[in-house]
Amino acid sequence: MGQTLSEPVTTKESASCVNELFTVGSSCMQGWRITDMEDAHTHLLSLPDDPRCAFFAVYDGHGGPKASQFAGINLHKQILQQPDYALGNLPEALRKGFLALDEQMRSDDQMRDDVSGATAVVVLVRDDVIHSNVGDSRAVVSVCGEAKPLSFDHKPANEMEAKRILAAGGWVEFNRVNGNLALSRALGDFVFKRNEAIPPEEQIVTAFPDVISENITEDHEFLVLACDGIWDVLSNQEVVDFVRERFAEQRDPQTICEELLTRCLAPDAQMGGVGCDNMTVSCYIVYLTSSAKSNRRFEVHLDGLPNFTHISASLCLHSLIGFQFLNAFYIKRFTFDDNPAGCAVAEFI
Numbered sequence: 001m002g003q004t005l006s007e008p009v010t011t012k013e014s015a016s017c018v019n020e021l022f023t024v025g026s027s028c029m030q031g032w033r034i035t036d037m038e039d040a041h042t043h044l045l046s047l048p049d050d051p052r053c054a055f056f057a058v059y060d061g062h063g064g065p066k067a068s069q070f071a072g073i074n075l076h077k078q079i080l081q082q083p084d085y086a087l088g089n090l091p092e093a094l095r096k097g098f099l100a101l102d103e104q105m106r107s108d109d110q111m112r113d114d115v116s117g118a119t120a121v122v123v124l125v126r127d128d129v130i131h132s133n134v135g136d137s138r139a140v141v142s143v144c145g146e147a148k149p150l151s152f153d154h155k156p157a158n159e160m161e162a163k164r165i166l167a168a169g170g171w172v173e174f175n176r177v178n179g180n181l182a183l184s185r186a187l188g189d190f191v192f193k194r195n196e197a198i199p200p201e202e203q204i205v206t207a208f209p210d211v212i213s214e215n216i217t218e219d220h221e222f223l224v225l226a227c228d229g230i231w232d233v234l235s236n237q238e239v240v241d242f243v244r245e246r247f248a249e250q251r252d253p254q255t256i257c258e259e260l261l262t263r264c265l266a267p268d269a270q271m272g273g274v275g276c277d278n279m280t281v282s283c284y285i286v287y288l289t290s291s292a293k294s295n296r297r298f299e300v301h302l303d304g305l306p307n308f309t310h311i312s313a314s315l316c317l318h319s320l321i322g323f324q325f326l327n328a329f330y331i332k333r334f335t336f337d338d339n340p341a342g343c344a345v346a347e348f349i
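The sequence shown begins at 1 in UniProt numbering and counts up one residue at a time.
Keep in mind the hints are simulated off the structure, nothing from the lab.
Virtual Cβ for every residue (Gly too), placed ideally from N, Cα, C.
One or more of the hints may lead you astray.
Said to hold, decoys possible - Taking lysine-lysine and the DSSO-like style, the derived pairs with C-alpha atoms no more than 27 angstroms apart in a straight line are:
1. Lys155 / Lys193
2. Lys148 / Lys96
3. Lys163 / Lys77
4. Lys163 / Lys193
5. Lys96 / Lys193
6. Lys12 / Lys96
7. Lys77 / Lys96
8. Lys148 / Lys193
To be verified - Between beta-carbon pairs, the in silico distance windows are:
9. Pro200 / Thr262: 20 to 30 angstroms
10. Asn158 / Asp219: 28 to 38 angstroms
11. Trp171 / Glu249: 15 to 25 angstroms
12. Glu249 / Glu201: 37 to 47 angstroms
13. Leu87 / Gly169: 15 to 25 angstroms
Please build the complete structure, drawing on both the sequences and the hints.
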């Protein structure tokens, strides 16, 4: 949680964008945290080497911003470089890409001795929705208004997670890894990855992700990606209800993001950390034709469309992807930037 300010920073950095398939809105707010934003995000409406595929990710940093920033710049590149990606095995490309990113981070001169780490929640949208995550950032899909989880939090108190931690030489105390880290999987956090006798998947803290594929149907309305800054305050269903009600009122995704931040901000800093975390929201609205939904495949190709990378003037950690149409009328503005991970990663560019 960390130290808090006497008054929250409620200034929001917001933006939106749109192409033929995607409508994106984002909003970022520091909240009560005394430290600057440690979170990052990447969204690419078409990947450079695979224009049929969109990539969305949010990274919730801890112990500093470097791990989340590094992931924001490099994770999608590592996934694309995996041979399994070219073979069409996207789930395996995600698993290997996460581990490759972690090794790249460990080998980097500026990252080798860094103590920071980051959760990651990633969605690839091509034929279906393929989701992967490490940590407690979460993805939930709205199916006819009902929240369906696509990910499960990686916590040390979980039986299977605790079993791996103990086998690798660690322990769980106060529901924390070695009494310290509240997550059992993360990018970075190399102090928990020093057992050279076991592979990366079996380390005390591992970057090996869970991967879930979801077929798109007519019943799918939108997908919400968010870190614990939102989920600690609202349940899966409460977030879905919050978003759905505002879509019904024809509010644009950027406005919904801003309202979600305000809703989750604690009224004071005396609530044990709930509602006091960095808060950022990115909204992704995916419009699918009826034929695309019925075939559970995208029939529209993104060749020739520009990559829309980072759209916000600050880092973003939550995402909202909606499988429904919103007219471009609702989009307030959109900008283009060569940096897909946000302005706070400029030092790496």
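Results of checking the hints against the structure:
no.	hint	verdict
1	Lys155 / Lys193	holds, 17 angstroms
2	Lys148 / Lys96	holds, 26 angstroms
3	Lys163 / Lys77	violated, 32 angstroms
4	Lys163 / Lys193	holds, 16 angstroms
5	Lys96 / Lys193	holds, 17 angstroms
6	Lys12 / Lys96	violated, 36 angstroms
7	Lys77 / Lys96	holds, 12 angstroms
8	Lys148 / Lys193	violated, 32 angstroms
9	Pro200 / Thr262: 20 to 30 angstroms	violated, 40 angstroms
10	Asn158 / Asp219: 28 to 38 angstroms	holds, 30 angstroms
11	Trp171 / Glu249: 15 to 25 angstroms	violated, 50 angstroms
12	Glu249 / Glu201: 37 to 47 angstroms	holds, 45 angstroms
13	Leu87 / Gly169: 15 to 25 angstroms	violated, 36 angstroms
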